[in-house]
Amino acid sequence: MYKSESVDVAVVGAGHAGIEAALASARMGCKTVLFTINLDAVGNMPCNPSIGGSGKGHLVCELDALGGEMGKAADKVCMQSRILNRGKGPAVHSLRMQADRMQYRAYMKNAVENTKNLTLRQCEITDVRKSADNPDMWECVTNYGAVWTAKCIVFCTGTYLAGRVIVGDVSFESGPDGMHAAVGLTDSLKKLGVPMMRFKTGTPVRLHADSIDYSVLERQDGDEIPEHFSADTVDFEKNLYSVPCYICYTNEKTHEIIRNNIHRSPLYSGKIHGIGPRYCPSIEDKVMRFADKNRHQLFIEPLGKDTKEVYLQGFSSSLPEDVQIEMLHSIKGLENAVVMRIGYAIEYDCCDPLSLKASLEFKDNPGLFGAGQFNGTSGYEEAAVQGLVAGINAALKCKGKPEFTLRRDSSYIGTLIDDLVTKGTNEPYRIMTSRCEYRLLLRQDNADRRLTPFGHEFGLISDERYERFLKKKEIIENEVKRVEKAHVGPSEKLLSILDEHGSTRITNGVSLVELIRRPELSYDALEPVDSERPDGLSREEKAAVETEIKYSGYIERQIREAKRFEKLESRPIPADTDYFAITGIRAETKQKLSKVKPTSIGQASRISGVSPADIQVLMIYFGIQ
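Residues in the sequence shown are numbered from 2 upward in steps of one, following our numbering.
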């Protein structure tokens with residue numbers, strides 16, 4: 002072994018979490034090193050070639066507002082842009098993009114390579130330990146015998162940590178996409194007292210595009226007016242490379258093949274020990290669990306404009322290769338499909354997130370942070386936002402500054418992290434709009450207004466962008482105030498608009514707000530009778546104004562709920578509390594409180610199994626009114 006360099010922050014793993022962590026740390030002025038097992042896998046998309054989706058789009062917009070990179074990259078390599086849940090309210094509108102997999106990887110690698118204070122190094126970290134020379138420093142040992150010293154380490158190991166690929170009876174140590182696994186680090190973490198878990202995920206087959214009969218499939222195009230993630234993106238529509246996706250379906254024959262071969266499934270034979278994601282089950286699991294369904298929807302998604310490889314979304318499987326091929330050929334349009342990569346399950350090690358603080362720093366190992374699938378989550382977007390938070394906090398710790406945390410009433414990021422560190426998880430966790438109780442306050446369209454000031458404070462948002470943000474915020478606020486005071490009379494033009502939209506006619510003057518709040522009317526529809534409306538409002542600004550007006554009553558109600566939440570969050574619990582010394586609460590509750598170590602009464606109330614009676618006892622014990 003030999004002593005290599007000393008850095009402020011070391012990041013282990015260059016997937017979506019690791020990239021954001023390293024970029025944030027370096028951009029905040031900290032000397033940073035990013036370790037990866039393979040330089041060609043930086044920013045890899047080992048599963049579906051998309052960014053965003055239901056709830057996930059919110060995360061990407063929030064990450065962009067804080068100064069992250071994922072949204073910019075997705076915009077740059079977008080092949081299709083769609084808003085999901087458009088038929089529902091604005092709270093659940095979520096942007097999803099098909100991304101060019103290879104271009105995304107190239108973009109991210111380039112971003113890392115050209116960032117000041119950041120070194121990218123190909124190697125495997127096999128051991129992490131306290132420095133013998135300085136107890137405030139950590140050491141990372143590589144497979145080549147180099148010893149790197151760091152003030153903070155962020156673990157972003159994805160599915161590489163003790164990774165094992167399983168296809169039928171075949172299994173071997175491996176990371177995703179044939180990369181080799183990280184085999185030594187788990188034991189090192191266990192020696193440090195990090196509690197570990199074993200999870201599983203899977204990925205579907207990849208097919209040759211020219212072997213598919215698209216004529217019998219349902220075509221799915223992007224939105225006619227596409228939207229983008231990042232406030233820094235310009236000329237998005239001009240640079241968009243638009244491609245269609247396609248929909249196909251399993252059928253009874255497919256299901257029969259699965260049922261006849263279910264004994265060969267490692268998921269059912271006991272060969273797989275890791276716990277898989279509930280909300281992204283394998284196709285064999287779907288068929289067995291939902292026996293009443295005669296078909297399941299599948300999506301054919303291109304991997305990039307320069308490859309014939311396509312992804313079969315919804316067809317994740319660990320069945321033997323011959324069974325997967327037989328299943329494929331039973332599907333209409335895929336009768337002659339040529340497999341380029343077989344589907345597989347992958348087991349991997351991750352930490353118990355209950356061992357983390359809301360800053361994503363380990364409670365018992367100060368200076369060590371976790372992010373992404375290492376923390377028990379699933380999904381690129383979930384990983385990226387955790388990486389950003391961990392990277393920011395690692396940099397702040399190096400600078401001797403207070404940690405940065407987001408509450409669940411502030412963001413989807415705050416909701417995700419609070420769920421992890423307060424409730425833990427017994428399966429790969431993914432964000433959903435339903436997990437967020439303040440979702441009307443935490444919409445995609447206002448992510449910048451909620452979080453950009455933080456990004457600017459940390460130096461991750463430029464002054465120029467911040468000025469644009471302040472101007473946009475002022476425009477929206479001023480326009481809402483103007484509309485609230487505006488009135489219109491029953492002119493012929495207005496009556497014609499009301500008739501056109503099937504809206505009840507008026508006989509007297511009425512406020513513009515009252516009309517906008519009608520479900521059948523919109524802010525845009527009333528423009529011809531709104532003579533004082535300022536020129537030059539962007540589509541985004543108009544949509545924000547309409548949402549603020551249309552849903553003001555619901556928004557105000559959620560604001561009141563958030564204030565009650567804030568009241569509980571503002572009642573701190575001392576970090577050194579001995580819960581076993583408190584009488585009046587159950588032994589089980591004492592154990593859970595001791596494990597989670599909640600920082601507030603609010604967090605304590607969200608711990609699974611902690612009752613309202615327990616909370617009352619705590620409030621009496623701490624003298625909280």
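For the record, the hints were derived by calculation from the structure and aren't laboratory data.
There's no promise every hint is true.
As the list claims (entries may be wrong) - Heads up, simulated BS3-like pairs for lysine-lysine below, C-alpha to C-alpha not over 27 Å straight-line:
hint, residue 1, residue 2
1, 543, 191
2, 32, 400
3, 131, 402
4, 192, 424
Verification of the supplied hints:
Only pairs whose Cα atoms come within 27 Å are accepted, and residue 543 paired with residue 191 is rejected, the gap being roughly 53 Å. For the given pair, residue 32 sits about 11 Å from residue 400 by alpha-carbon distance, which is consistent with the 27 Å threshold. Proposed proximity of residue 131 and residue 402 is supported: the alpha carbons are some 22 Å apart, at most 27 Å. Using a Cα cut-off of 27 Å, the hinted pair residue 192 and residue 424 holds, with the two alpha carbons roughly 25 Å apart.
The structure shown violates just one earlier hint, number 1.
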